[in-house]
Amino acid sequence: MEIFIYIIGGLLAGLATGLVGLSAATIIAPLFATVIGMDPYVAIGIALASDVFASAGSTFIYIKNKNISIKAALSMVIIIVVFTFFGSYISAEIKPTILGGALNFLVIFLGLRFIIYPIKNRDKDLSYKPRAIIIISAIFFSVLIGLTNGMLGAGGGLSILALLTMLLGFNLRKAVGTSVFIMTFVALIGAVTHFVIRPPEILPVVIASVAAFIGANIASIYANRIDEKLLNRVIGIFLLSFGITLILIYYL
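In case it helps, the numbering used here puts the sequence shown at residues -9 to 242.
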């Protein structure tokens, strides 16, 4: 039963990463913590490890399609990685029951985010913002993204995606490609930190990571073709349903 959950979690996480740059931890961490009863902190570490493979696989596809900005990614990744490290240590001090519940509610929030305020191209918005404001805002949100990703293992990919589209004026495809590139490094630091503090079993790490890699590669191919509105709607409805189901299992 547990092996089946590892496979399903990894595949779904990889699909979400490849399609919209969503952190694999958004799926894996709450699923493992709620359904299997795994320590939420350990589940986040495994999810981040899976995220490394999912994001790396997606990055390769997006590079082939020239939908990635290495320059923008490198300017953000240092700040996010540093604060992911700090967030991982903060997360270790949070009670498992609180951490597990927070993960489930985060999934619902992200689902509503896609439905109510979908990620889309916002190139015209950029011209109204002074360059200094853009730089300061990018630094500020990069710090928040790093802390959130380190603490919950989730939300980082979507937050980076929103930052790139809404603040920096990236088109959706290039934003997703740049996001997964950044998340490869961010997830690596987060996973290593979690594993050092609380080492997991090897089996779920391997199975979930391989499954996430496969799912991400499949999804990345279609992400460059699928309609933007449909993509937001499908992901939003899935995350909302997934989050509600997990909360019902968690509290009932």
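Calculated from the structure, these hints are not laboratory results. You may find that some hints are simply not true.
With a Cα cut of at most 27 Å, we get these calculated DSSO-like pairs of lysine-lysine [what the hints assert, rightly or not]:
(1) K219 - K164
(2) K164 - K85
(3) K219 - K85
(4) K54 - K219
(5) K56 - K164
(6) K56 - K219
Keep in mind that this is a model prediction, so the values were computed, not measured.
These are the hints, each one checked on the structure:
no. : hint        : verdict
1   : K219 - K164 : holds, 16 Å
2   : K164 - K85  : violated, 38 Å
3   : K219 - K85  : violated, 38 Å
4   : K54 - K219  : holds, 24 Å
5   : K56 - K164  : holds, 8 Å
6   : K56 - K219  : holds, 22 Å
This entry does not satisfy hints 2 and 3, going by the numbered hints stated previously.
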